[in-house]
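*Asks:* Since chain A is already given, all that's left is putting chains B and C on it; use the hints.
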Amino acid sequence: MKTYLTTAAALALMAGTAQAEGKLSVYHWFEYMPQELVDKFEAETGIEVTIDTYDSNEAMLAALKAGKIGQYDVAVPGDYMVAIMGHEGLLGSFTPEELPNFAKIDPKWVDVPFDPARKHSIPYQWGSTAFSVNRDVYQGDINTLAMIFDPPDELKGKINVLDSQGEVLALGSLYLGIPQCSTDKAQLKALNDMLLNAKQYWASFGSDTAKEVLVSGDAAAGMIYNGFSAKARAEGAKVEYAYPKEGYVLWMDNMVLLKDAPNRENALKFMNFLLEPENAAAVTNYAAYTAGVMGVEPFLDEAIKTSPENNPPADGPTGVFIEACDEATQKYYDAIWTNLKK
Amino acid sequence: MKGVRHYPGFLILTLGCLLVLYAPLVVVTIYSFNDSSSITSWGGFSLRWYVDVLTGPESARFAAAAWNSITIAVLAATASTAIAVAAALAMIRSGRFRGKSATYALINLPLLVPEIVTAVATLIFFSVIGLTTGYLTILIAHVTFCIPFAYLPIAARLSGIEEVYEQAARDLYATRTQAFWLILLPLMMPGVVSGYLLAFIISLDDFIITNFVKGAGMETLPTAIFGSVKQGIKPNIMAISTVMLAVSVLFVSLSYLVNRIGQKTRT
Amino acid sequence: MAGGVLPPPSNRGGTGWGPLRVPLLIPTWVMIGIFLLLPVLLMAVYSFLTKEFRGGVIWDFTLAAYDQFFFDRGLFGDEPPVIEWTYISIFWRSIWQAGVATLACLLVGFPTAWFIATRAPAQRTVWLFLITIPYWVNLLIRTVSLKFLIRDNGPLNEALIGLGLLDHPLPLVNTNLAVQLGLFYSYLPFMVLPIYAAVERYNFALSEAASDLYAGRWTILREIVLPMVRPGIVAGCILVFVPSLGAFLAPDLLGGAKTYMIGSLIDEQFKGSQGNWPFGAAIAVILMTMVLMVLMAQARAALKGERK
Chain A
-1 MKTYLTTAAA
9 LALMAGTAQA
19 EGKLSVYHWF
29 EYMPQELVDK
39 FEAETGIEVT
49 IDTYDSNEAM
59 LAALKAGKIG
69 QYDVAVPGDY
79 MVAIMGHEGL
89 LGSFTPEELP
99 NFAKIDPKWV
109 DVPFDPARKH
119 SIPYQWGSTA
129 FSVNRDVYQG
139 DINTLAMIFD
149 PPDELKGKIN
159 VLDSQGEVLA
169 LGSLYLGIPQ
179 CSTDKAQLKA
189 LNDMLLNAKQ
199 YWASFGSDTA
209 KEVLVSGDAA
219 AGMIYNGFSA
229 KARAEGAKVE
239 YAYPKEGYVL
249 WMDNMVLLKD
259 APNRENALKF
269 MNFLLEPENA
279 AAVTNYAAYT
289 AGVMGVEPFL
299 DEAIKTSPEN
309 NPPADGPTGV
319 FIEACDEATQ
329 KYYDAIWTNL
339 KK
Chain B
7 MKGVRHYPGF
17 LILTLGCLLV
27 LYAPLVVVTI
37 YSFNDSSSIT
47 SWGGFSLRWY
57 VDVLTGPESA
67 RFAAAAWNSI
77 TIAVLAATAS
87 TAIAVAAALA
97 MIRSGRFRGK
107 SATYALINLP
117 LLVPEIVTAV
127 ATLIFFSVIG
137 LTTGYLTILI
147 AHVTFCIPFA
157 YLPIAARLSG
167 IEEVYEQAAR
177 DLYATRTQAF
187 WLILLPLMMP
197 GVVSGYLLAF
207 IISLDDFIIT
217 NFVKGAGMET
227 LPTAIFGSVK
237 QGIKPNIMAI
247 STVMLAVSVL
257 FVSLSYLVNR
267 IGQKTRT
Chain C
1491 MAGGVLPPPS
1501 NRGGTGWGPL
1511 RVPLLIPTWV
1521 MIGIFLLLPV
1531 LLMAVYSFLT
1541 KEFRGGVIWD
1551 FTLAAYDQFF
1561 FDRGLFGDEP
1571 PVIEWTYISI
1581 FWRSIWQAGV
1591 ATLACLLVGF
1601 PTAWFIATRA
1611 PAQRTVWLFL
1621 ITIPYWVNLL
1631 IRTVSLKFLI
1641 RDNGPLNEAL
1651 IGLGLLDHPL
1661 PLVNTNLAVQ
1671 LGLFYSYLPF
1681 MVLPIYAAVE
1691 RYNFALSEAA
1701 SDLYAGRWTI
1711 LREIVLPMVR
1721 PGIVAGCILV
1731 FVPSLGAFLA
1741 PDLLGGAKTY
1751 MIGSLIDEQF
1761 KGSQGNWPFG
1771 AAIAVILMTM
1781 VLMVLMAQAR
1791 AALKGERK
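Chains as they are written, first to last, in the numbering used here: chain A, -1 to 340; chain B, 7 to 273; chain C, 1491 to 1798.
The set of hints was computed from the structure by calculation and includes no laboratory data.
Just so you know, these numbers come straight off a predicted model, no measurement behind them.
Treat the hints with care, since some could be wrong.
Straight-line distance between alpha carbons at most 25 Å, and here's what the computed SDA-like set of lysine to any residue pairs gives [to be verified]: (1) A/K38 <-> B/G223; (2) B/K106 <-> C/E1648; (3) A/K340 <-> C/L1739; (4) A/K340 <-> C/L1528.
Just chain A, same shape as in the assembly (with noise of 0.2 Å):
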């Protein structure tokens, strides 16, 4: 009986083990990964890829802490929620020798505040975030951030604006030119105070609807990523992205390994696979954005390679990371927040 009981058992294992080679389950944003992309990697491994979507990195955070952690191997959070996401602890980690193409990474983005030596992150793609102006109704300089914060007649009452605290935060801060996560009272109030007086110029808070309401032109101006106000101009919208003086946002998604990955040898396969300059390029002639591995160029649509939303003015300003506060600081953004919108 007992040898019995052993044998099922170790059957048992065998038929889990023999089922989980063959799957592969990735929870990502949508609209993020060209189908054909997927398919090339099933057909390339054999691996069963399913993929589910979110819509911020804030909703895959909830979903992952009520009880999603565990059904996924990896997930694709920007920036400053890869940091939230290793101080919850809802990383694995791997060395670099697990990945044969690590050294594609574009050395510049193996170092980075939010994962040190990319210990359980890639490089997925980044861009930047900063406005779009319609020429056609204003045809002055529009590198500042005041075409948002303080905007010229011709634009008042037709922007739209991010909905979404860390970027219209973060792109006000820059407008005043105080840190991110200031305690300084007088300058938290300058922001409150600025972004409540900013908002009777606005006509609609949208995150999703940013690229469509350029395009529409129910909106004149607008807060918008890089690659969404390029795919706005190719769609007929006769929108200028622009790089405000004052500086911009810069983002970085990732694909991360999710802890108690189900299927983490399939997890790495897929990883390394999107670390193949050709791989990486075909995300970046989806999503219009950039790509943080080397050598992608040879790949590149010609669009992308020359569009002026994916290649700032060398003498240009820098971007930014939006930076993670600690609890105290960021009660009072959340409050500054609410404040807005209330």
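*Replies:* Okay, now just chains B and C, sitting in the frame of chain A:
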């Protein structure tokens, strides 16, 4: 005779009601044939999005999602309507009892809890009791939140039916079961149909709760299309919606015809 | 006369559902009790716990979430507490929007339900399906399409200007009116179907009798019909008003998301960057308590009406 049934303006309002309901669908249908990929610009007539939906790389995913959505909606609406009929009989027909108000509150609870709270709470609950998320968990959640949508029309109907019909049947030696199936249920039918339809469309439409309680790789139509819709609907989503509309119209026409034939053979 | 042959009917004069009460209610108790009430009670407990930074809870009892809702201590939390109007005004705004939408649904939904109920029986089902067919298309898609229709340079405004009814486009998108229209559009069948179920049962002989006694049409509607179909109207109003309170799709897409509604405020606490689960739970508890009180009062009033 006709006078007391007819109110001036009611026909106009009904047609207005249908106009409001259908106008956005006309947009959906027209733009599903749009060659351009933006809803706000017209790039000429094209069937490419239908080809994309039916044969493109994501066609299998959409088909599976649509199948899940419809089967879950049918099962959830059927179960919740049955539960609601039973509850309505107890609440309306069995007099006063202890815990009646509490039960009334319980039936309405799914309406009261904001969806995101239900979603997070249910997911936490499922993972605490160790229920693996998947088709079953979606179904359980849907049956639960569909109950008040089925209950309210059924109860409203039942409370308008005098007890004399049933009493008469019972006095004529009908068993309780016979009285229910032959007398009461046919009288309740408009309420049951209304409740069933509401439960069905509520289940078919749900995104937030489904997205939380579904397992990895398990999709319903709303979870499959939600993201692309939020970024401005692409015409392939319009095409899927138009296909869904066509399917629903087909169902309705079929059931109407079956009804007609049934009536003809009876007379 | 037949009494000698047949035994008396088992349940003379009653309908006999009393003894079956418990088995009839068990499915409801089990489904909602286990799969909703328990999770919601857990959430209610969460509202008294300490928030974990960026989502989640720490099991330490606190009233911080309720304090945050009702008291304002300034941007830095160092001022003496005064009453916090922020969240109360968000509640008020949501109630107002939901109320207007419910009224609009009632004004259009009642005539529609009446019209359907007075068709020939075979046609009624077709009309009901006609009302529900649009809902096979996802709410989000319907809302986005509605937004497309009412845009400043959308088909509606172009048609109105083309007909010479307007000089300038009527600004609808990003207004409260658009939100109300969106809610009205989202929930209309939830008003029509329950009222239909009630009106269909209405005995038109009552109207005829009143008419014979020289009562006008509208008097009959007000004095006789409305009281008779009241359960259907109440059910419809609940099904429209309560979901409208927590809705956020219509406010976000049609209203421009410039101000929070209850739905988006709660959503932000769970899925937004603030990640404050206890506060989100507390708002939900306050909302549920409020609506529950109204519902119970209504049920009690209905019960009194029955006893009369």
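*Asks:* Hint by hint, say whether it matches the structure.
*Replies:* A quick look at each hint next to the structure:
no. : hint               : result
1   : A/K38 <-> B/G223   : holds (18 Å)
2   : B/K106 <-> C/E1648 : violated (55 Å)
3   : A/K340 <-> C/L1739 : holds (17 Å)
4   : A/K340 <-> C/L1528 : violated (32 Å)
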